[in-house]
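Please model the complete structure; the sequences and the hints are all you need to start from.
Heads up: the protein sequence lines correspond to chains A and B, in order. Once you know that position 23 of the first sequence is 23 in this note's numbering, the rest is easy, because the numbers rise by one and skip nothing. With positions in the second sequence counted from 1, the corresponding number in this note's numbering is that position plus 1000.
Among these hints, one or two may not hold up.
Claimed, not checked - Derived pair list, reagent style SDA-like, types lysine to any residue, alpha-carbon separation capped at 20 angstroms: (1) B:1331 to A:171; (2) B:1302 to B:1204; (3) B:1060 to B:1046; (4) B:1011 to B:1070; (5) B:1302 to B:1285; (6) B:1331 to A:179; (7) B:1156 to A:178; (8) B:1302 to B:1282; (9) A:182 to B:1285; (10) B:1002 to A:2; (11) B:1011 to B:1296; (12) A:182 to B:1327; (13) B:1002 to B:1106; (14) B:1302 to B:1281; (15) B:1156 to A:71; (16) B:1302 to B:1092; (17) B:1011 to B:1022; (18) B:1156 to A:72; (19) A:182 to B:1331; (20) A:182 to B:1330; (21) A:182 to B:1167; (22) B:1302 to B:1119; (23) B:1331 to A:2; (24) B:1002 to B:1119; (25) B:1002 to A:1; (26) B:1331 to A:71; (27) A:182 to B:1046; (28) B:1156 to B:1234.
Everything labelled a hint here was simulated from the structure, so no lab data went into it. All values derive from a computational prediction rather than experimental measurement.
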Amino acid sequence: MAAFVFYLFAAAAVLGAAMCVLQRNPVASAMWLMSTMFSLAAIFILLGAELIGILQVLVYVGAILVVFLFVIMLLNVARTSSDLRGPASLGATVVVAGLLVVELAALWQYTPRRLAADIAQAPAFADPARVFAAGAAARQATAAQGVVGALAAPLFQTYLVPFEVTSVLLLAAIIGAVVLAKRNI
Amino acid sequence: MKGFLLLSILKMLFVFTVIMVGVALLTLLERKVSAWMQNRHGPNRVGWAGLLQPAADGLKNILKEETYPALATRTLFFLAPAMSFIPALLLSAVIPFAAPLPLDFDFALGQLGRFAWHGAMPMVVADLPIGFLFVLAISSLGVYGVALAGWSSNSKYALLGGLRASAQMISYEVAMGMSLIPVLLLSGNVSFGAIIRDQQAGLWYVLPLFLSFFIFLVSGFAETNRLPFDLPEAESELIAGYHTEYSAMKFSFFFIAEYANVVTVCAMVTTLFFGGWDIPGHWDEQGGVLQTLATGGFFFLKLMFWIFVVMWVRWTLPRFRYDQLMALGWKVLTPLALAYIIVMCVAIYLIEHVAGLTDPTLRSLALFGVNVVIGLLVFGLLDSGVFIRGADRRPAASEVVG
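Structural data, given as structure tokens:
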């Protein structure tokens, strides 16, 4: 049952991503991207990460894509012709697509066991036993601390300093955007 | 498992029917309330005292011709009403509307197999552990229907309405989300069930978190695009805003969505700040069929009160100007919500860890004392006219930055 639901949403996600690239109308592309985000949220929820799934919808679908749509509607990009034609663009397309195919082929060899072995050898922060014990760590944390607590405890206790540094970085980006957009405040 | 499925389907049917019939009757109620406030009779020709007016409206809208504007983006024009309607309906799935019902059955139905359920059944379609985060996420999707309807109509008025709607809904979503963080801090949980239990043990959250309630209610009006924040469809400026080009049933889908959103926001206010289905006292916590029925009825009464308040406000207050709307959202409500979070963090920490008050009622009373002080300060400041100016004190043209 879970596998069936997973493949259903995985197919929907891939279809949405493909249609997002293939559509000519940018608003339709944004809508297909939205369907991909929803499918990803469903897969997160299937994995027991309800909070991440909901944040996926809240942040990407609810905020970022709305801003996309806003910009697309105001700019009315639909009228401009595509400038991705011609031999130079075709060459670049083939190169990038080829690289991605090679990467996909390389990833195909990554079984969970090999990934766990690689992580164990690397000087990483994560303990592979905690990550790959069939999601047992996540399940235990959720049972002990609740859905939100399982995410909040590592974020605001273990990794508090990186989290705060990231927020300062984002703040700097926001201030930079405001300064660039509005010369005379 | 099958018992759970059966109960879920029954609850879905129940909630869907109640919401759809309720929304139809709300359109009548709105016209009756407005008539009452304007000293008229309101619709009174169809059925007893106009009770069948929604059915007549529905029939008219189904039989009317569906028009498509020339050069409209057909697919999106067709999808937009559904996209504003579906999120509104989805939300009703997570709000608990009565005390858990004790059930005990075990029977077999031929080919279908055995249906069994033992214990208390939560009176909510989906008892999600993420609770009202789901509501925040899904309610943020309502903007798509409005924005796409405006864009795909290929009409200037509709586009302006759609753009206004997206700007307004994104802006007020921030204040709405922020205003709920103190609720999280106090209850220590995001699921509706836990929040209601905490309010049963102590006081209803409207007392210890009054300012949250105020910010949530104001941003709720803005999120549902109701007066005094109905700028997306301001008829004196934009004809009808985003649904200018819509006719027949597609038009009425926008109306169903609006009223379903009103029901959801009122249900959220009831659940988060007025105890949900809680009846004061401890009688309703014993569990039993009678308790479920009584709490369901009490929830309905609270819900109807808030729906009435929404209508009352609509027929009382004039519409905001657009710059006032944005100033209220970004310069008043959002900073207020942020400051309130900080004050509440400190207050809850001091009360629970320094003063050592762990009894829910005492804790809530102490927070209520803090809120009286904050409320007097905030409303005194808002009333002084420094942040929001009335129409008689319009800014000079040089002051307006656009």
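Cross-check of the supplied hints:
no.	hint	verdict
1	B:1331 to A:171	holds, 18 angstroms
2	B:1302 to B:1204	holds, 13 angstroms
3	B:1060 to B:1046	holds, 13 angstroms
4	B:1011 to B:1070	violated, 43 angstroms
5	B:1302 to B:1285	holds, 18 angstroms
6	B:1331 to A:179	holds, 19 angstroms
7	B:1156 to A:178	violated, 29 angstroms
8	B:1302 to B:1282	holds, 18 angstroms
9	A:182 to B:1285	violated, 57 angstroms
10	B:1002 to A:2	holds, 16 angstroms
11	B:1011 to B:1296	holds, 14 angstroms
12	A:182 to B:1327	holds, 17 angstroms
13	B:1002 to B:1106	holds, 10 angstroms
14	B:1302 to B:1281	holds, 16 angstroms
15	B:1156 to A:71	holds, 16 angstroms
16	B:1302 to B:1092	holds, 16 angstroms
17	B:1011 to B:1022	holds, 16 angstroms
18	B:1156 to A:72	holds, 16 angstroms
19	A:182 to B:1331	holds, 18 angstroms
20	A:182 to B:1330	holds, 17 angstroms
21	A:182 to B:1167	holds, 18 angstroms
22	B:1302 to B:1119	violated, 27 angstroms
23	B:1331 to A:2	violated, 47 angstroms
24	B:1002 to B:1119	holds, 15 angstroms
25	B:1002 to A:1	holds, 14 angstroms
26	B:1331 to A:71	violated, 24 angstroms
27	A:182 to B:1046	violated, 57 angstroms
28	B:1156 to B:1234	holds, 14 angstroms
Checked against the numbered hints listed earlier, the structure breaks hints 4, 7, 9, 22, 23, 26 and 27; every other hint is satisfied.
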